[in-house]
Structure formats: structure tokens, C-alpha cells
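Residue numbers (full-length UniProt numbering), protein chains in the order written: chain A, 1 to 362; chain B, 1 to 362; chain C, 1 to 362.
No lab work stands behind these hints, which were simulated from the structure alone.
Incorrect hints may have been included.
Covered, in the sense of this in silico footprint (three residues per stretch, anywhere, with C-beta under 8 Å from a C-beta of chain A), are these stretches of chain B [claimed, not checked]:
id: 1; stretch: 27–36
id: 2; stretch: 59–72
id: 3; stretch: 80–93
id: 4; stretch: 113–120
Glycine included, each C-beta is placed from N, C-alpha and C at the ideal position.
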Amino acid sequence: MAVPPSTHPHRLLPLFLGLFQGALLLFFTLFVIYDEPSAQAEDTNLVANQVYSTFPFFQDIQVMLVVGLGLLLTFLPRYGFSALTHNFLLLNFSMQWALVLQGLLHHFHHGQIHLDLHKLLISEFAAVTVLISVGAILGRASPCQLLIVATCEIPTYLASEWVIVSCLGVLDVGGTITIHVFSCYFGLGVSKALFRATQQPLHPKETPTLRSDLMSLVGTLILWVFWPSFVAVLCQPGDAQHRAILNTLLAMSASSITTVVASSLLERDGKLSPGHLQNGSLAGGVAIGMVADMAMPPVAALALGSLSAAVCVLGFRFLTPLLGRKLTLHDQCGIHNLHGLPGILGAAASVVAVLVAPKDPS
Amino acid sequence: MAVPPSTHPHRLLPLFLGLFQGALLLFFTLFVIYDEPSAQAEDTNLVANQVYSTFPFFQDIQVMLVVGLGLLLTFLPRYGFSALTHNFLLLNFSMQWALVLQGLLHHFHHGQIHLDLHKLLISEFAAVTVLISVGAILGRASPCQLLIVATCEIPTYLASEWVIVSCLGVLDVGGTITIHVFSCYFGLGVSKALFRATQQPLHPKETPTLRSDLMSLVGTLILWVFWPSFVAVLCQPGDAQHRAILNTLLAMSASSITTVVASSLLERDGKLSPGHLQNGSLAGGVAIGMVADMAMPPVAALALGSLSAAVCVLGFRFLTPLLGRKLTLHDQCGIHNLHGLPGILGAAASVVAVLVAPKDPS
Amino acid sequence: MAVPPSTHPHRLLPLFLGLFQGALLLFFTLFVIYDEPSAQAEDTNLVANQVYSTFPFFQDIQVMLVVGLGLLLTFLPRYGFSALTHNFLLLNFSMQWALVLQGLLHHFHHGQIHLDLHKLLISEFAAVTVLISVGAILGRASPCQLLIVATCEIPTYLASEWVIVSCLGVLDVGGTITIHVFSCYFGLGVSKALFRATQQPLHPKETPTLRSDLMSLVGTLILWVFWPSFVAVLCQPGDAQHRAILNTLLAMSASSITTVVASSLLERDGKLSPGHLQNGSLAGGVAIGMVADMAMPPVAALALGSLSAAVCVLGFRFLTPLLGRKLTLHDQCGIHNLHGLPGILGAAASVVAVLVAPKDPS
Numbered sequence: 001m002a003v004p005p006s007t008h009p010h011r012l013l014p015l016f017l018g019l020f021q022g023a024l025l026l027f028f029t030l031f032v033i034y035d036e037p038s039a040q041a042e043d044t045n046l047v048a049n050q051v052y053s054t055f056p057f058f059q060d061i062q063v064m065l066v067v068g069l070g071l072l073l074t075f076l077p078r079y080g081f082s083a084l085t086h087n088f089l090l091l092n093f094s095m096q097w098a099l100v101l102q103g104l105l106h107h108f109h110h111g112q113i114h115l116d117l118h119k120l121l122i123s124e125f126a127a128v129t130v131l132i133s134v135g136a137i138l139g140r141a142s143p144c145q146l147l148i149v150a151t152c153e154i155p156t157y158l159a160s161e162w163v164i165v166s167c168l169g170v171l172d173v174g175g176t177i178t179i180h181v182f183s184c185y186f187g188l189g190v191s192k193a194l195f196r197a198t199q200q201p202l203h204p205k206e207t208p209t210l211r212s213d214l215m216s217l218v219g220t221l222i223l224w225v226f227w228p229s230f231v232a233v234l235c236q237p238g239d240a241q242h243r244a245i246l247n248t249l250l251a252m253s254a255s256s257i258t259t260v261v262a263s264s265l266l267e268r269d270g271k272l273s274p275g276h277l278q279n280g281s282l283a284g285g286v287a288i289g290m291v292a293d294m295a296m297p298p299v300a301a302l303a304l305g306s307l308s309a310a311v312c313v314l315g316f317r318f319l320t321p322l323l324g325r326k327l328t329l330h331d332q333c334g335i336h337n338l339h340g341l342p343g344i345l346g347a348a349a350s351v352v353a354v355l356v357a358p359k360d361p362s
Numbered sequence: 001m002a003v004p005p006s007t008h009p010h011r012l013l014p015l016f017l018g019l020f021q022g023a024l025l026l027f028f029t030l031f032v033i034y035d036e037p038s039a040q041a042e043d044t045n046l047v048a049n050q051v052y053s054t055f056p057f058f059q060d061i062q063v064m065l066v067v068g069l070g071l072l073l074t075f076l077p078r079y080g081f082s083a084l085t086h087n088f089l090l091l092n093f094s095m096q097w098a099l100v101l102q103g104l105l106h107h108f109h110h111g112q113i114h115l116d117l118h119k120l121l122i123s124e125f126a127a128v129t130v131l132i133s134v135g136a137i138l139g140r141a142s143p144c145q146l147l148i149v150a151t152c153e154i155p156t157y158l159a160s161e162w163v164i165v166s167c168l169g170v171l172d173v174g175g176t177i178t179i180h181v182f183s184c185y186f187g188l189g190v191s192k193a194l195f196r197a198t199q200q201p202l203h204p205k206e207t208p209t210l211r212s213d214l215m216s217l218v219g220t221l222i223l224w225v226f227w228p229s230f231v232a233v234l235c236q237p238g239d240a241q242h243r244a245i246l247n248t249l250l251a252m253s254a255s256s257i258t259t260v261v262a263s264s265l266l267e268r269d270g271k272l273s274p275g276h277l278q279n280g281s282l283a284g285g286v287a288i289g290m291v292a293d294m295a296m297p298p299v300a301a302l303a304l305g306s307l308s309a310a311v312c313v314l315g316f317r318f319l320t321p322l323l324g325r326k327l328t329l330h331d332q333c334g335i336h337n338l339h340g341l342p343g344i345l346g347a348a349a350s351v352v353a354v355l356v357a358p359k360d361p362s
Numbered sequence: 001m002a003v004p005p006s007t008h009p010h011r012l013l014p015l016f017l018g019l020f021q022g023a024l025l026l027f028f029t030l031f032v033i034y035d036e037p038s039a040q041a042e043d044t045n046l047v048a049n050q051v052y053s054t055f056p057f058f059q060d061i062q063v064m065l066v067v068g069l070g071l072l073l074t075f076l077p078r079y080g081f082s083a084l085t086h087n088f089l090l091l092n093f094s095m096q097w098a099l100v101l102q103g104l105l106h107h108f109h110h111g112q113i114h115l116d117l118h119k120l121l122i123s124e125f126a127a128v129t130v131l132i133s134v135g136a137i138l139g140r141a142s143p144c145q146l147l148i149v150a151t152c153e154i155p156t157y158l159a160s161e162w163v164i165v166s167c168l169g170v171l172d173v174g175g176t177i178t179i180h181v182f183s184c185y186f187g188l189g190v191s192k193a194l195f196r197a198t199q200q201p202l203h204p205k206e207t208p209t210l211r212s213d214l215m216s217l218v219g220t221l222i223l224w225v226f227w228p229s230f231v232a233v234l235c236q237p238g239d240a241q242h243r244a245i246l247n248t249l250l251a252m253s254a255s256s257i258t259t260v261v262a263s264s265l266l267e268r269d270g271k272l273s274p275g276h277l278q279n280g281s282l283a284g285g286v287a288i289g290m291v292a293d294m295a296m297p298p299v300a301a302l303a304l305g306s307l308s309a310a311v312c313v314l315g316f317r318f319l320t321p322l323l324g325r326k327l328t329l330h331d332q333c334g335i336h337n338l339h340g341l342p343g344i345l346g347a348a349a350s351v352v353a354v355l356v357a358p359k360d361p362s
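For reference, chain A alone in the conformation it holds in the complex (with noise of 0.2 Å):
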């Protein structure tokens, strides 16, 4: 009733995640430490203030990944439990993997590496692209598949992200590229890789209810109310972070107003449809966090947020079911729609901001 049975050896996912373990209490004991204690009273407030000023942020996005988002893929009613299950088995495995894999890529340059919580944060953002990415082959495949997409997906990201933003030197403070467009695409490709040949038909128990929808509804509430905190976390202090969340606080605002325009537009009896509502509030979000911390004007936040919520609803209504059949490209829960499209939509306003802003300030 709770997880679904892992193929037939039912011994494989507690191997692999046992063996997972022990190799990573072993990198832990070989590698990783803790400051030295501070000796001195002015670097004990310095450190006091530091988790001061990151540690509610840390909670807040935990509670995004923990609760929201594990709320958020609860729809289908009879897999709620096991999607949720999912979820949080992944963030944490994903989490330490990336631990490890960061770990070793600084080990070689710098020796013991010193476990702080900027670095779980980092993590922690590793996970994320896991997450989402598992939205497109939700409930169609077993936690061992979930697991080596997890064990693929890091890697891949992380030297993703290093090309992005240590070489191209692309500022995304929010993650729209390195997060939200790179896990979408992944997700999608896993998804064409895995159940290529069947053109699957809806699993009977893949209908959302309305219970089901109410649950998942409160998933999207939690990741819209914290998600200002997950695009200014890693912002300068200052007016840079103050910024960034007014901007994301507009952008998912106008994503709100817009996604019942847009679905109540599109749906024939003027209804809103749960799916929308759940995906495309958090449009803006997404399209948001390249440009949330630059200097510009209110207004294209609030215009960037309506715009991707419009892209999101039109994905959903239109560009999904083109994709089943032309491509039979299977996306259950819509990354495409909520991270690809507005995501792509976010890079491109950074690329306007940035050819109009310097004009300003130099």
C-alpha cells in the first residue's frame, strides 16, 4: 500500500542505499571536519550573526523541499503517500551525495574540507534539480530508478553549474538556469530514456480528486509563501536581498492574479483548473531569480511574474499534450510548463536587463 515494490529483487534499494551509507560515513571520517572552535569573543559573534542571518532562510527552504513540494506532488490520490515518500528519501540522498561530491572536488584542491551550513545550503540546492526532475516520471518508476537518476543528476549539475557560473560567468542568484531550465531538460530526457518505446496510457489510479487537489494546493501555498527566502538566500546582505525578495514577493503576485486569468480564459466553462492554479503561481518564482537582485525597476518584476504564469497555463493547455503525441514525451506533473518555459523566460529578461541596466548606473 505505502511504496511501490522495487522491481523483483526487493533486496536492491536497501543494498544500494546501505552501501550509499557506509561509503559515506567512511568519506566523512576521512575527510570532513569542523572549524576550529573560535577562540576569540569577536569571532563568536561574527559566527553567531552568520547563523543568525542564514539559518531562517535554511529553514524556510527546507520546509519548500520537505513539506511543499512533497505536498505539491501528492495529486494522484492512491501514490500520495509514496510521492511524498519519494521525496524526502531523495532530497536526503541527494543532499549527502552532493556533500560528497563537492567534498572531493575541494578536497584536491584544499585539503580537510570544513563542514558549515553554507555548504549544506549548497547541497541542498544540489538536491533541488533531483527533485524537479522526478517530476516527469512520477509514479511510473521504482525508488531504485529515482535513486540512480539521483546518483546521474549531481554530477551532471554541478559541472553544469560550474560552466555557468565560474566560466561564463552568468549571475543566477535564483537559480532560473543552473536549477530550474538544467533539471527540466534532465527530467525530460530521463523520462524520453526510460519509457521511450510505450506510449503508456494514464494509470487508473492517476486521477487527481478533490481531496487529492486540496492537499497538493497547500503544497503550492508553502513553496509560494517561502520562496522569496530560496531566491534571497544567497544574495549580498543588504540592498541586494531586500531587493530580491520584493521582487520575487511582486513576481509571484502578478503569477497569481495571472494564472486565474489565463485559466479561466482557456478552460471552456470558465472554470479554474486545479492543475494551473497549482503549477502556475509559482511561475514567477521561477522566471524571477536571475534578475531578482539587479537594479531595476518594480515594474518589470511584476511584468515578468505575469508573463510566466501566462507561458505556464498556455504549456499546460496546449504544448504538454502536443508533446505526448508527437514526441511521446511523457511529463506528469508539468516541469516543462513550470520550470522550462518560465525558466527560458527568465533567462532571456536577464539578458534585456543587463544590455539596458548599465546605461543607469555608469
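Based on these hints, arrange chains B and C on the given structure of chain A.
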């Protein structure tokens, strides 16, 4: 299945909202800017500190309004999804509308509007009044009607708040009068005006089930937990804010116990009524708002919390049926018991506190 | 429908609670005051900083206890609403009762009691013991019985905490022994004492459904997310608090993975047991409490988290049925597995840590 269709022209809702979004964009383009980036390091620290001291409170309040209040309204099982959706839509619409109106008022006096977190917070407070008022007509009004209520209520609130706070000089950090009492009587007026003639029978879907009551109670608990943030966010940092938090905690704790006492005394079989618990536990928070930051002994907060819960439960048991029979006034969520009566009690308490207090410090 | 009726005198519960509220009001009138308002600007800043550094943690803990723990207890579908209600009532009652008792103790030594956020926090910690203990008799005791348990447990806790911390000098920031182990064995004792003779069959309504398991898991996840705040709130600001947060995060992350491993190895068909997941994921948080702020290598936190989750799952699989058969000891929520065994493990770990640690810094 989701949102009940607007009367018969399905296009009214998107038309109305779409025009509003367009006007909002225009308004922001013309009038709203961010502060100039702070040039000096000191200013940056100041901004950062403001963000760290306001933003967690702001997030708490967002959780209250979006998740807590939304869930509280889901006690009608088949109307739950719509209630949550309407609450979310109204919050966004009202906040944007309050932002525009406040901006216009400000514009006539000072030119361009510098957007910051504090201004968003004030708009959010304005939006709360709408969310409370529509509780009286929950499940009986179309989305368009709800939006029209919001359109009218926000300017009325701003005017009344200006009269009460600026002209009369009333201190009301927690919004006991300006928010709770105002929105209660506004909501009752709307209910009377919209459903004047009809002695409507309860809709068949309007009977809470065990499960919908559980979700609604979760909403109450979320509101209960974060209420201190709502009351304390606008207080002077330091002692006043500390006292506001403590007083609110004491009042709400006393409310919960007294609700259980009052409810099990009034129900014939000694069982608790879910409706009493969902509302009475919060009555202390409504009543304490006006006196929360005053220098009064802690026992006053406890007594006020107890008293307001008792009044709230008595209201549900006796006053609501009476109003329905005598005045054909329907109050679906019992906002008169949760916001009206405890609000008046809190106002009376603040009069007493002002009369008694000056003797001590002088 | 809501709360099961108290045995037969329906008036016992309101009488008991009403008298308690009266006594509380009297006590507060006589003994409890707030601090004098700070005269100097420096003091005001100090108070403000205390509020900003404690209040977010305090709120996190409130969410854990009121929403998280409440939802965790809703796994019995028809008893869910009552479980949530009882949890909420007991939290408020126990906190107030602890405030009175601590106040009285303090009063005999120092005169009037100056209430502040820290004192409320300490009372909240005392209340946690009651919430844990009653897990053993969930659904089998009337509200009055639960309140009597709380009335007895709070003074016992205060005495035991005084002996352990003040007399024996044991450091236990996360309450591993003082809260978890204590309340576990107190709760088991209560269960034995109340239901001694009866080899009670499981009540027919005591079978979790898919949906009630989902809600319960959401409760677990909320507890999981905010647990670091619970462990770190009483730590020294700076390095110790930072370390406590990191250690708790690591331990709980390891717990979640190990729970999946252990549970799918033990269940015949390789499926996860919801009960294991709901409890095992939290075992690391229980065990880490005592050593969280010590200067130990990060791998120790991971190992402790893994070990405690394994012990917890093994306890559910083998020990709980054994205790039920041999000692007719019923432990409805399995508190012995979640709080007893991991707590003992954590205590053992702290002994090891103390024996090993001094060599390094000296």
C-alpha cells in the same frame, strides 16, 4: 469541480482581473521605484538589519494568511478547494489594490513611491480585512462578487484606519479595531446586502465532516502559532515588541483552555464542538491586539484571553442563531464571534488600560 | 464526533480546567510581573537582539509541537481530530502548569517573577515531556485522565531535570535524557498503571488508512524540518549553536536513509512500513540532543543518526510486540522506540564523547 462558475458570463472574472493587472502594470511603470542602492557600508548594514528584523515576521504572517486562514476555511468538505483558492486570489488582489491606493495617496504628497518591505507589509494588513469579511459569505458568493467586495473594502479600510490612527490618535498595533472590528461589521453588512431577502437554507454541501474539520483545525493551529508575529511586527523593537509577543502568547494560551471549558459546559453531552475550538482558540489574539505592547501586568493578558474565548463561544451558541432568526443575517464562518465580539472586548480593555496605566509610570 | 466523552460525569473536565484557570489568574496576579521598561538605548538594543535571536527558534518549536506533533498523532483515522485537540490542550495546560511551578520555586528564592521569552521556552520544554508520554496511551484515555497525567508529570520532570542538570552536572542541550528518556519511561509507567489488567484488543478504529498515514507523515516531516531549532535554541550562541544545528541536520539526514534501509530489509515484501518512516526519521534528532554542541567530528553525528534509526526500526519490529506479549505493556505510538531507545543510545554516545574529547583540546 474546482471553483463555482461565475454567474453566467464566464468571461467576467478574467476580464475584471486582466484589466486590473494591466492598470497595476501601468501604475508601477509611472510611479513606483526602489530606493537608490546604499552607497555607504553603514547604510548597507542598516538595510540588512531591517531585512533580518522584519522579514521573518513577514513570512510568518504570509503563512498565517495563505496557509492557515486558507485551511481554516476548508471546513465545508466539498467547498474546500474553492475556499482555499478564493482566499489566495483575494489576498493577492487586495494586497496589490492596497499598494496602488496607498501609493496614490502618498504620490499626491511626496512624488514617486519608494517600495520597501514595510510598504508591502502595510498592504498585507489591509488585505487581511478582506479575507476576514468574506468569511461571512463563504460559499455563497461568486469570485466576481468577492472581488467587488475587495475593491470596495480596501479604500474604506484605508479611510477608516486613517481616521482612527491619524486623526483620533488611537494606538492599535495588533489591529483589534482597525482590522478585526472593522472587517467584521463590513462583512456582516455585505452579507446582509447580498442575501437580504433570502432566508437561505444551508446548502447540502455545507456540513463539515470529521476530515474537513481536521484540516480546518490545522489551519487554526497554524494561525495560533504565528499570531504573535502578526501582533508584534509593527511594535517598537525592544521592550515593547518583547511584551507584545509575551502578552499574545499568554492571551492565546488562556483562550485555548477557556474555549475547552466553555464549549464542554455548553454542549449537552460534554463533547467539544469543532467550530468552537477552531475559533475560540484564536479569540485571545484578536482581543489582545490593542493592548499588547502596553505596560500592563501579565495577568491582564491572561484574563483578556480567557474572557474573549468565553465571549466567542457564547456568541456561537446563542448570538449567531439569534441573528440568523431575527435579522436574517447569515454569518457563515461566525466572524462576528471571532472578530467582532473579542475585538470590542479588546477595545474596552484598552480604555481600561489607558485609564489605569498612567498612574504607574508618572 | 469530536472528543470522546469523559467517563460519565461530563462536568469533570470543565470543572478541573476552570479551577486551574482561576488558580493561574490568581497566581499571576500575585507573583508575576514584566521587567521594568529599559531606560537606556543600549538595553533596548540588547532586548531587541535577544528577541531576534530567540523568537524565530521559539516559533519553530511551537510549529513542531502544535502542528507537527499534532499531525503525527492523527494516524488513527477516526481518532485524528481528538488526537490533534488533546495534543493542543495538553500543550497549553502543561505549559501554564510548568510556568506556575517554576515560578513558585523561583519565588521562594528571589521574590517576584520576571516573565520573559526564555521562561516561556523552558516551560514549553517541560510541556514536551507530557506530549511524548501520552503517546503511549493515545486513544485509550479520557481528556481528564490525560490532564491528571500532565499534572503529575510536570513536577516530576522539574525535579528530575534539577537532579540531572544541576546536581549531577550533566549537559543535555537537546533534552535527550531529561526530556526524551524521562518522558518515555514515565509514559510507559502510566500505560502500565492505567491499563494493567486488560490485554486490550486493538480498538476497531485503530487501523491507519492511506490518507491518515499521509497526514501523519506530514507531521513527521514538519518535526524533521524544525528539529534543529529545538536542539540549538538553548546552546551558546556562536560556534556551539552552529555545531548543534549542523550535527542535528546530519544526524536526521542519516536517520531518514537508514530508516528506509532497515525497514525495507525487515518487511517481508520489501515495502516500507509507514510507521517505521514516521518514527525512524526522527530518531537521529532524539539521539543527537546530548552531544549536539560538543566538539566532535561530523562523522559521529552521521553514525549516531544511522544507529538510532536502526535501533528504532528494530524496536518497532521486535521489541514492541514482545513488550505487549510478555509485560502486557501497550505503547500505542511506539514512544519506547522513538524516544526510549535512541535516547539511551544518545546518552551512551555522550559518555563516549566525554571520555574521548578532553584529550584533544587539553
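Status of the hints after comparison with the structure:
1. 27–36: Result for this restraint: holds, n = 6.
2. 59–72: holds (count 7)
3. 80–93: Holds, because 8 residues of the stretch 80–93 of chain B bring their Cβ atoms closer than 8 Å to Cβ atoms of chain A.
4. 113–120: holds (count 4)
Violation of the numbered hints given earlier is absent; every hint is satisfied by the structure.
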